[in-house]
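> Sequence:
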Amino acid sequence: MKIEKNITVCFDSNIYDSTNYDFEGKFYTTFKGLKKSYPNLRVYIEPIIYNEVLSHLRDRAIDITKAVESLSKQTRSLDLFSDAIETLKIEDLESQCFTEYEEKFEEFIKFFSDEEIDKTFNYEMSDILSDYFKGLPPFENKKSKKNEFPDALIIQGLKNKFQNQGSLYIVSSDKGFSKAVKDKIPSCKIFNNYPDCADYLNKRLEKYLEAYQIVEELVGNIARRIRKHFEELIIDFTATHHAASKGFIVDVTNYDRRDYTELYPYDEVIIRNLFFDDYHIKILDIKSDTGRVIAEIRFILRIEISGCKEDSDDLISESHTISYKVDIEVDPESKELINMSDVPIVLNNDSLINRTVERDYYENNYDDYEPSLHPESEIYTITCDNCHAENNYDAPSMEEFEISSSERSMGSETVYELTIQENCGYCDQEFILKIILSMYPYLVLEVDDIDCEGGETDLSFVVS
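Under UniProt numbering, the first residue of the sequence shown is numbered 1, with each subsequent residue one higher.
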């Protein structure tokens, strides 16, 4: 299906910067793919944005040159790197890097149109100055108004060129810029990021709904994969350097020091609870050649952690909420997950909801502490076999189990048995969980048998 409507998309420089200028990356391939469904799709770059991008590309070329020079100095005495260093001895490396960056960037813009890139500055300063002194967008913020002249010129250029033409889509993460564009060009459509724009365009395609439903059916499985990946950190305290290697990072360096004085990095950390509160799906590409679906899922995660330091008896507990993005590739025929991005969880001041310090926790509790058998999480999930919906329930307490014991060669064996009946909140399918746990010898979980009739469950138990 091809949509012949004329559509012009203008990406702000912050969107290009966010792609790290990986010209084989998802941003570039996504919109090139959309060109097949939208033959009249055009990517327009405003002259100031074009020059901002070139400035950033020049900075990248400088950084690459410095990195190569530094590597050459560090390894020049090692024969192991002699061939590699010889290869990197490129005359005028900085200029050549910049030229290649520039060519690849312009190649992307020209992929959508044969028109030459507009690089000239033609603006009417009297209108800009009038808005400046009247405090009109983008000059409404008195503290930053002197810095908004480039934005004002960009908006004027877009207004003059597209006010009465086709559909204009603006993609920018700058909220102030977006607000000013909407004020000056009410007919344009604004997106905060490129996945939102791609999803909006894909919604008009015939296969969008089918693709969305296939991805949505995989959400539960993807959530379980994420939980499984961090399972080691949920079971017990883990050294922070090992947690970081697993992709779980707690960054206390940017916490508000007026509120928190215990701002040393933790030596050990544990995930107390990991909740998947919500999710949002964006369909980025429905590939016509392979049929595969490229999508982004943003989970809203609520995470409760505890951290400690070796030379302190204090226990610090934190709760965080983050938006966690996962990129996936799906085969719609088999409905199988082909690829899934491995993204770290980073907790910092932006995600922090609450932080408490229990003074002398280990000094007061260590001698009295005895490990016990208990559910691994306060909440467990059952995925319905009938409608595939996820249902969350409170984990049972150990007091609900029937308990029996018998003597064996290495002491007593304690057996815990419990049957739980629940119903799917979506299709009323009955779930019956039969749980048999056995501890033998003392404080060793020998048997962990959980059978779920009517669905699949992630309920599990640990001794800690």
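Each hint should be verified, as a subset may be incorrect.
When the alpha-carbon atoms are kept at most 25 Å apart in a straight line, the in silico PhoX-like pairs for lysine-lysine are as follows [stated by the list, open to error]:
no., residue 1, residue 2
1, Lys159, Lys110
2, Lys309, Lys35
3, Lys89, Lys32
4, Lys26, Lys161
5, Lys207, Lys182
6, Lys287, Lys5
7, Lys159, Lys189
8, Lys110, Lys161
9, Lys32, Lys161
10, Lys184, Lys161
11, Lys5, Lys309
12, Lys246, Lys203
13, Lys5, Lys36
14, Lys309, Lys36
15, Lys26, Lys36
16, Lys246, Lys36
17, Lys5, Lys246
18, Lys35, Lys189
19, Lys32, Lys203
20, Lys161, Lys35
21, Lys26, Lys189
22, Lys175, Lys159
23, Lys189, Lys207
24, Lys325, Lys203
25, Lys246, Lys287
26, Lys189, Lys32
27, Lys434, Lys325
28, Lys161, Lys5
29, Lys32, Lys309
30, Lys184, Lys207
31, Lys309, Lys26
32, Lys309, Lys287
33, Lys32, Lys66
34, Lys104, Lys287
35, Lys246, Lys309
36, Lys26, Lys175
What follows is a set of in silico ranges between Cβ atoms, one per label pair, in the way DEER data are often shown [to be verified]:
no., residue 1, residue 2, range
37, Lys35, Pro150, 34 to 44 Å
38, Glu107, Pro150, 39 to 49 Å
39, Lys182, Leu337, 32 to 42 Å
40, Asn386, Leu337, 16 to 26 Å
Rather than coming from a laboratory, the hints here were simulated on the basis of the structure. Just so it is clear, CB atoms sit at the ideal spot from N, CA and C, and this is done for glycine as well.
> Take the hints in turn and mark each one as holding or not.
Now for the hints, and whether the structure bears them out:
no.: 1; hint: Lys159 - Lys110; in the structure: holds, 22 Å
no.: 2; hint: Lys309 - Lys35; in the structure: violated, 54 Å
no.: 3; hint: Lys89 - Lys32; in the structure: violated, 34 Å
no.: 4; hint: Lys26 - Lys161; in the structure: violated, 29 Å
no.: 5; hint: Lys207 - Lys182; in the structure: violated, 31 Å
no.: 6; hint: Lys287 - Lys5; in the structure: holds, 20 Å
no.: 7; hint: Lys159 - Lys189; in the structure: holds, 13 Å
no.: 8; hint: Lys110 - Lys161; in the structure: holds, 18 Å
no.: 9; hint: Lys32 - Lys161; in the structure: holds, 23 Å
no.: 10; hint: Lys184 - Lys161; in the structure: holds, 13 Å
no.: 11; hint: Lys5 - Lys309; in the structure: violated, 60 Å
no.: 12; hint: Lys246 - Lys203; in the structure: violated, 36 Å
no.: 13; hint: Lys5 - Lys36; in the structure: holds, 13 Å
no.: 14; hint: Lys309 - Lys36; in the structure: violated, 56 Å
no.: 15; hint: Lys26 - Lys36; in the structure: holds, 16 Å
no.: 16; hint: Lys246 - Lys36; in the structure: violated, 39 Å
no.: 17; hint: Lys5 - Lys246; in the structure: violated, 46 Å
no.: 18; hint: Lys35 - Lys189; in the structure: holds, 19 Å
no.: 19; hint: Lys32 - Lys203; in the structure: holds, 17 Å
no.: 20; hint: Lys161 - Lys35; in the structure: holds, 22 Å
no.: 21; hint: Lys26 - Lys189; in the structure: holds, 22 Å
no.: 22; hint: Lys175 - Lys159; in the structure: holds, 18 Å
no.: 23; hint: Lys189 - Lys207; in the structure: holds, 23 Å
no.: 24; hint: Lys325 - Lys203; in the structure: holds, 20 Å
no.: 25; hint: Lys246 - Lys287; in the structure: violated, 32 Å
no.: 26; hint: Lys189 - Lys32; in the structure: holds, 20 Å
no.: 27; hint: Lys434 - Lys325; in the structure: violated, 35 Å
no.: 28; hint: Lys161 - Lys5; in the structure: holds, 18 Å
no.: 29; hint: Lys32 - Lys309; in the structure: violated, 50 Å
no.: 30; hint: Lys184 - Lys207; in the structure: violated, 35 Å
no.: 31; hint: Lys309 - Lys26; in the structure: violated, 40 Å
no.: 32; hint: Lys309 - Lys287; in the structure: violated, 50 Å
no.: 33; hint: Lys32 - Lys66; in the structure: violated, 33 Å
no.: 34; hint: Lys104 - Lys287; in the structure: holds, 23 Å
no.: 35; hint: Lys246 - Lys309; in the structure: holds, 20 Å
no.: 36; hint: Lys26 - Lys175; in the structure: holds, 23 Å
no.: 37; hint: Lys35 - Pro150: 34 to 44 Å; in the structure: violated, 29 Å
no.: 38; hint: Glu107 - Pro150: 39 to 49 Å; in the structure: violated, 25 Å
no.: 39; hint: Lys182 - Leu337: 32 to 42 Å; in the structure: holds, 38 Å
no.: 40; hint: Asn386 - Leu337: 16 to 26 Å; in the structure: holds, 21 Å
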